[in-house]
Structures are given as C-alpha cells and as structure tokens.
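Please put together the full structure from these sequences, using the hints given.
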Amino acid sequence: MPPMRGIKILSPQGAIAPTGTWSLGARAGDFIFVAGMRGIDPATNTILDTEEERIRRAFMNMKTIAESEDAGLSDCVRLTVFVTDMARLRPLVNKVQAELWGGGPFPPRTIVEVARLNQDDIFEVEGTFYAPQRP
Amino acid sequence: MPPMRGIKILSPQGAIAPTGTWSLGARAGDFIFVAGMRGIDPATNTILDTEEERIRRAFMNMKTIAESEDAGLSDCVRLTVFVTDMARLRPLVNKVQAELWGGGPFPPRTIVEVARLNQDDIFEVEGTFYAPQRP
Amino acid sequence: MPPMRGIKILSPQGAIAPTGTWSLGARAGDFIFVAGMRGIDPATNTILDTEEERIRRAFMNMKTIAESEDAGLSDCVRLTVFVTDMARLRPLVNKVQAELWGGGPFPPRTIVEVARLNQDDIFEVEGTFYAPQRP
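Protein chains in written order, with the numbering used here: chain G, 142 to 276; chain S, 142 to 276; chain X, 142 to 276.
Simulated from the structure, these hints should not be mistaken for lab results.
Hints are not guaranteed to be accurate.
Same chains, same names: a pair is fine if it fits in one copy or spans any two.
[Said to hold, decoys possible] Derived pair list, reagent style EDC-like, types lysine to aspartate or glutamate, alpha-carbon separation capped at 20 Å:
#1 Lys236 with Glu208
#2 Lys236 with Asp211
#3 Lys149 with Asp211
#4 Lys236 with Glu210
#5 Lys149 with Asp226
#6 Lys204 with Asp171
#7 Lys204 with Glu193
#8 Lys204 with Glu194
#9 Lys204 with Glu192
Set out below in structure tokens:
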C-alpha cells in the first residue's frame, strides 16, 4: 500500500486486538473514526458474560481508542448502535450511556436492530469523535 | 462531562424531543451530524400514520436540524437509510427524495433492510451535512 | 435546489450508474463520502455471479469513485460493511480485503448482518476517505 497521507492508524495500549482485516481506529484531520466495538475484554480477548457488561465494555473499548488521540466521550459526535434485540437491549444501552456520559450532553445516536453480529454478539457501537489538532 | 471542545449540540425550535440518552445533532468543524430521524410529528411527538408520511416527516425532521446550522438538503453529503421492507419502502423513499430534492443532485446514499427499528417503526435516516464556517 | 457550497458530487468514468435518487459519492472539504457499493459490473450494470466476485467488485467500484478525487484504498478511514450472512461472507470479505489492501494497514471497519439488501444482494460497503486538498 502507498503511504497514507495524513491518516494515523490507532492501536493503543489497553485496546482489544483486531482479529481480521481491520484496524481499531483512525485519525484523519480533526476527526477520529473508531471501528465497531463489542463487549470484548481486552485482557483476554473474549466476550464478557452479561449483556450489560458487554454494552459497557464496548463503550469503554471505544473510549480507550478515542483517548489515545486526546478525545473523551464528550467529544463524540456520532454513535451508530447495532443491537440484536431492540426491546430488551435499548433500555440497557440508555442505562449504560447515562452512567458513562453522566448527565450529558449525549452524542447524536442512531440505533437499529440487525439480524446478526459477529460471534453472535448482541451489541456493537461505531463512534466518530472530534478532537481538533493544535495548529 | 468535561466541556466539549468546539462541538455544538443542536436542539432547534421545531425539532422533535429526544426520548433517551441522545441528542438530535451536533456540529463539529464544517460538518453537521444528525441522529437517526423517524417519522415523528414534532407537534405531538407521535409517529405519523402512513408510511409515506413517515418517510417525508423523517427527512423534514432531519432538515430542521440541519437548517439550524445554516445547511439545507443540498448540503447533505451522506444518507444512511434503514427500512424494514426493502421492496415496499425503497420506492417510497425514492419518491419522497425526488420531491424534496427536486431534480437533484442527490447525496450519496446507502439503504439496507434491518430487522427492527425503535417503536417498530418502518424508516429511519441518518444524515451528514457540510456547511463550512466562515473564517 | 440551491447551489451546494463547496460540495462536489462525484460521477467518474468507469463507475456504475445510479438507479435512483442518489449519487455515487461526494467530496466535502478533505473528506470523500462514497455511497453503499455492491458487486455491480459497471460495463453492464448487472450483478456479478459469485459471492467473491461481487465482494471484490463492490470494493473496486468504491475505489473507482475515491480515485476520481485522488484517494486510494489506503486513504480509507471508515468502512461499514453490510452482509446477509455473517458466517459465510465475513471470511470472504477478509480474503478480498487482504488481497486489495495487501499487507495493510486496513481501515477501521464495522460489519453487521442485515435482513436484506437492494436486489436481494449479499454484500454492500459504505466507505469514507480522507484526501486533503492542497491549499
């Protein structure tokens, strides 16, 4: 591959290990694009047990990647959330986000129920962050 | 939450009211990210009756948010459309877009059929807009 | 529609022909947004035969559009992949990406199984690219 012009591929300490042909995230200009994150324990690279633990861990995995580029959850400008059961999981997502984002403000979010996720998982979140670079 | 650096959370007059841990939209730099919009009447916060009305209203709800940052439908650079019946709803989406965008040009679009949307709705659209800020 | 402020709609030679109310791609500032691409042969505008051919062709269709704005696959900062069978198709996606991106690095990717794609297709990919404009 030719060199990437101004794109920084992210692979921070404490993050999960990608298992295929994808990277955890990328910074391009003032934006940070994080790959779909699931509830995988970075210490063991295995899926956590309960649904609530997986949802919290997925957000935390996303946070680890964003923080490596000096962005926090409050710098998130888009969340796209994929669940496999809207009725059961959307309330859990709301609960975990209220915990992680405190009283808000919260990022714009799209949430849809899909047919299946990798490893028959139940939750995946794709996040976009804004962290202007100093001139 | 720490202060957001240069992100403006959008909550304009005339828009629907978020019902959970999410915001309607955010401006970050020259881009505007709008949350997934559905066919909810902002006057009553209830879902409209017919499929075509819902699709049109969802686009209009998106437009309201974009316009609060001085962007119109012609400033849209990405649409991701989620429907629950591709065969029946995609032609309606095309019809409504032809009406709202006039003769075009139209933004790049991705359209997929998902298993379910919130409130068992039938259409949701996520839009990204470009509206450069004056220096 | 009013004129688009600084948005360039992309319609390069060699790309497929849009069949509805959408464009192939758009440049806005330093970013290029490509519509969901499928395995359609631009020479005939028909879907290719095998699953692997369709996946490869979808990526190549995306590449054609990105290249018209001087971006290559290595300038991709986000891939969102929609398949209709995670177990069977994800390994094929990995295989094709390994071939097209060589040894990497690979862009951040989100992959989900949806209920249906247009024309009952099996793979669709939405790509975002970063190609800074010279001042």
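**Q.** Violated constraints from the hint list, given by number and in increasing order
**A.** 1, 2, 4, 5
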